[in-house]
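*Asks:* Please construct the entire structure, taking both the sequences and the accompanying hints into account.
If you read the sequences in order, they're chains C and V.
Here the first sequence stands for residues 1 to 368, numbered as in my numbering.
Here the second sequence stands for residues 1 to 459, numbered as in my numbering.
No lab work stands behind these hints: they were computed from the structure.
Just so you know, not all the hints are guaranteed correct.
From the derived model, a few chain C residues whose C-beta atoms are all more than 12 Å from chain V [as the list claims (entries may be wrong)]:
no., residue
1, K5
2, L35
3, D49
4, D52
5, D109
6, C119
7, F213
8, G214
9, D309
Chain V stretches covered by chain C per the calculated footprint, using a threshold of three residues with CB under 8 Å from any CB of chain C [claimed, not checked]:
no., stretch
10, 58 to 72
11, 105 to 113
12, 120 to 128
Here a beta-carbon is modelled for each residue, glycine too, at the ideal position from N, C-alpha and C.
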Amino acid sequence: MSYGKSTIYFLPFLGKKDLSVLTRELLKEVDLPKLLLAEGYVPIKVQIDFVDRPSFIEIAREIARECAHARAVPYLTDTTSTILLQDRKASMFEWTELALKKGISASYDIPLLPLDGPCGSDGLFVPIIGKELAATYVSNALLHSSNLIVLTCVTCDPLTGLEGGMKSLGFGCVTLEGKKKLHEVIKPAILRNLCTKCGKCDVCSQNAIMWSFGYPAIITEMCVGCMKCFFECEEGAINVMQRQIKRYNMRLVDTCLGVKKMFKGKILYVNLIAKITPHSAKFPNKPIIPDLGILASTDPVAIDKASLDLINNEWGIRGTAAEICNVLEPGKNKIEAITGFDPNYTFKLAESLGLGSTTYELIEVKSR
Amino acid sequence: MAKSKIWFTSDKIKPGFNSVLESIEFKAARLFDEAGFADIIDPGDRVAVKIHIGDWGNTGHLRPELVRSIVDKVKEAGGIPFVTDTVIMQYYTFSGRGNALQLMTTAYRHGHTPDAYGCPFIIADGFYGQDDLRVEIPNGILNKQAYIARAIADADVLISVAHYKGHPATAVGAAIKNMGIGCQSKRGKYLVHLAGWDEPYSKPEIHPERCPGKNGCEWWKMCEDSCTEGAIKVLDDGIQWDKDKCLWCWAHVALCFFDARKFAFTPAPGFNQRMELAMADAAYATMITKDKLKKGKVAFINYAIDITPWCDCFVNDRPAIPNFGVFASKDPVAIDKACIDMTTQAPPYPGGLAEDLGLKAGEEKWEKIHGFSPLYQIYGLEKLGGGNADYELITVEPKVTVDEMMKYAPTKVPQTLWLREMFKANHFVREVLPTVKRTPSKELSDAVVEKYRSSLKKA
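*Replies:* Encoded structure:
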């Protein structure tokens with residue numbers, strides 16, 4: 001299947017300007033009111049999780065204001081189950097606390113609501129014609145929403161290579177059951193030649209880590225693939241097989257198709273390329289490239305591809321994971337070198353299933 | 001069976017004794033201590049504080065500070081509190097609580113925010129109220145199952161903070177209603193309202209002669225749209241209604257009553273009593289989630305203030321009876337029974353509905369106002385084993401001591417000490433005094449005051 005070029009608006013960080021002013025200029029180019037249906041609900045999906053990323057609440061507020069001007073009903077939202085997957089005891093209480101800590105709170109007329117209910121179980125069974133999955137559980141709140149706006153802080157991610165709009169849509173908009181369906185293919189294993197027996201990985205919420213002959217071992221049947229232990233290991237001894245990661249990404253694309261089915265109107269994706277950290281305990285937690293700017297598009301595949309290309313065509317920063325992996329020069333695939341997975345695989349798959357297009361036209365928004 | 005204990009404090013204060021401790025919110029906090037609610041909260045327990053946020057336009061709902069004092073007490077006892085409410089069954093076209101987004105907007109407008117409570121404010125049953133837990137109650141009177149909102153079912157402790165008032169569907173709304181309707185998810189609420197949906201006589205009655213049709217009623221389109229089943233068809237001068245299709249969701253009745261004011265639909269006789277019993281079933285189901293009833297992890301506080309004849313789901317009326325105060329108990333049946341008994345003894349509120357109907361102290365007021373007794377829910381829940389209607393009332397007087405004051409004062413340091421420190425640095429009263437020009441007090445004698453008074457009279 002071939003698609004035409006998707007348009008992507010790119011606003012580079014230039015000059016000394018407020019983030020909300022920049023967002024307004026970007027939204028002017030995107031022509032947000034034309035995308036929205038009047039009086040329709042517009043969830044603005046932000047990211048509330050344990051990961052340390054810039055909270056771009058100014059952008060969310062600005063978009064919400066634009067939506068309200070266009071007579072739509074915006075609200076800030078995220079799923080609670082992101083937290084539940086890693087910690088069984090957690091609940092909406094932790095979710096609200098975390099949101100407040102990050103500065104994401106309800107303000108004026110823009111409420112903050114969970115997408116999938118207080119306990120991550122408010123879902124709708126959605127059948128999909130996909131490569132791996134036949135169905136998923138999409139958040140119930142999206143049922144009558146006309147549009148969706150997905151805000152993503154792009155980072156490196158061990159499972160998708162690049163965590164972008166597609167991960168936010170496919171992983172972030174489904175309930176706990178849907179997330180478990182994605183993660184059930186991931187079965188990390190501990191490499192004994194790299195393991196120093198430090199015991200830091202013993203944080204499993206499922207109690208799937210057992211010590212045998214002095215080494216920790218993961219019991220495959222009990223593991224849900226939440227990757228909590230992976231992020232703890234500083235030696236890189238916890239390994240996920242490429243085959244499993246590929247299956248994960250197949251399922252992610254399927255879920256994206258399922259979530260996309262719910263909407264009458266279009267979905268706007270906004271990617272922030274700032275503070276791209278390696279997202280792995282192996283490397284120092286420093287941004288690998290300088291902050292670039294904000295991207296906006298209605299095509300999830302094109303915007304992620306564009307983000308990847310922008311990151312790869314930028315000089316890396318010395319003393320970070322980019323130097324350790326020897327990918328400082330522009331043009332080298334930094335994401336693949338650091339995370340071990342090339343996201344281009346997912347993009348091609350998504351294009352073949354009709355989720356979007358990998359060819360795009362980048363329109364640079366001139367900051368006035 | 002031993003009598004259930006109820007702790008009660010009057011909202012009235014002794015003339016002139018306007019101490020902070022006489023505030024009704026701290027009286028409620030003191031009842032929390034007296035009733036031993038701290039004992040049922042183990043450290044680390046998630047405590048659901050169930051409130052009613054009041055619908056769009058309502059101003060008689062419980063003010064956030066009345067709940068905040070309870071939330072602070074829960075924190076003190078080591079629990080992790082969250083304030084919660086559920087979305088409603090859409091019985092009214094212009095309700096502000098249809099889904100979580102509308103509910104949140106209304107809640108924030110009414111001041112129910114995390115900032116006001118110092119803890120999260122959570123919608124308990126998901127965006128459309130479908131996130132729930134099915135609870136089987138084999139011994140239920142009418143319904144053998146209930147759907148409890150997920151966050152409340154998952155909580156370790158349930159504290160119901162209810163506003164005691166009359167209710168058109170169940171005669172009173174208090175602790176039992178806060179659980180039997182308030183803690184149900186959307187489908188759970190339907191289940192209670194459909195009490196006896198299979199009985200033809202319990203469906204609403206139609207009075208076609210009262211409906212003027214499209215020509216006489218500007219609400220006719222909304223009336224047609226209010227039915228999810230498409231059972232209503234408004235003709236040019238009349239109405240067609242398919243009784244078999246009707247699921248008895250109240251929507252057309254509420255619209256015809258409140259807005260169109262044609263009274264073409266009325267509840268069938270016997271419906272309300274059945275609904276009260278179904279509500280008792282649902283309240284019992286709420287209490288048995290996570291073994292709350294067996295472990296004794298339920299607590300009830302009823303604020304009997306602004307006692308309007310109608311629910312907080314509508315706009316307020318003038319109160320029907322004067323304020324009583326606060327009740328606290330671990331027994332939902334006893335606490336509601338005590339409120340109803342006190343209503344019977346109370347005189348009517350001047351100019352209120354009870355006085356309009358000529359009711360006097362000692363008469364059953366809700367039965368006369370709504371046309372049916374509120375005691376079905378009481379005896380229903382008692383039969384299920386949710387409580388005991390025999391009670392003993394323990395009246396608690398506010399204790400005005402320094403220790404008590406330190407618990408509830410805004411700062412632990414007396415305000416005057418701050419002023420003293422400030423005066424040490426900059427005594428602005430003594431600085432200003434030399435420059436002040438005033439009439440000497442000896443000139444301001446009684447005769448002068450009398451002169452001013454007479455000049456005012458002339459003017």
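*Asks:* Confirm or reject each hint.
*Replies:* Going through the hints against the structure:
| no. | hint | in the structure |
| --- | --- | --- |
| 1 | K5 | holds (36 Å) |
| 2 | L35 | holds (20 Å) |
| 3 | D49 | holds (17 Å) |
| 4 | D52 | holds (22 Å) |
| 5 | D109 | violated (7 Å) |
| 6 | C119 | violated (5 Å) |
| 7 | F213 | holds (36 Å) |
| 8 | G214 | holds (34 Å) |
| 9 | D309 | holds (37 Å) |
| 10 | 58 to 72 | violated (count 0) |
| 11 | 105 to 113 | holds (count 3) |
| 12 | 120 to 128 | holds (count 8) |
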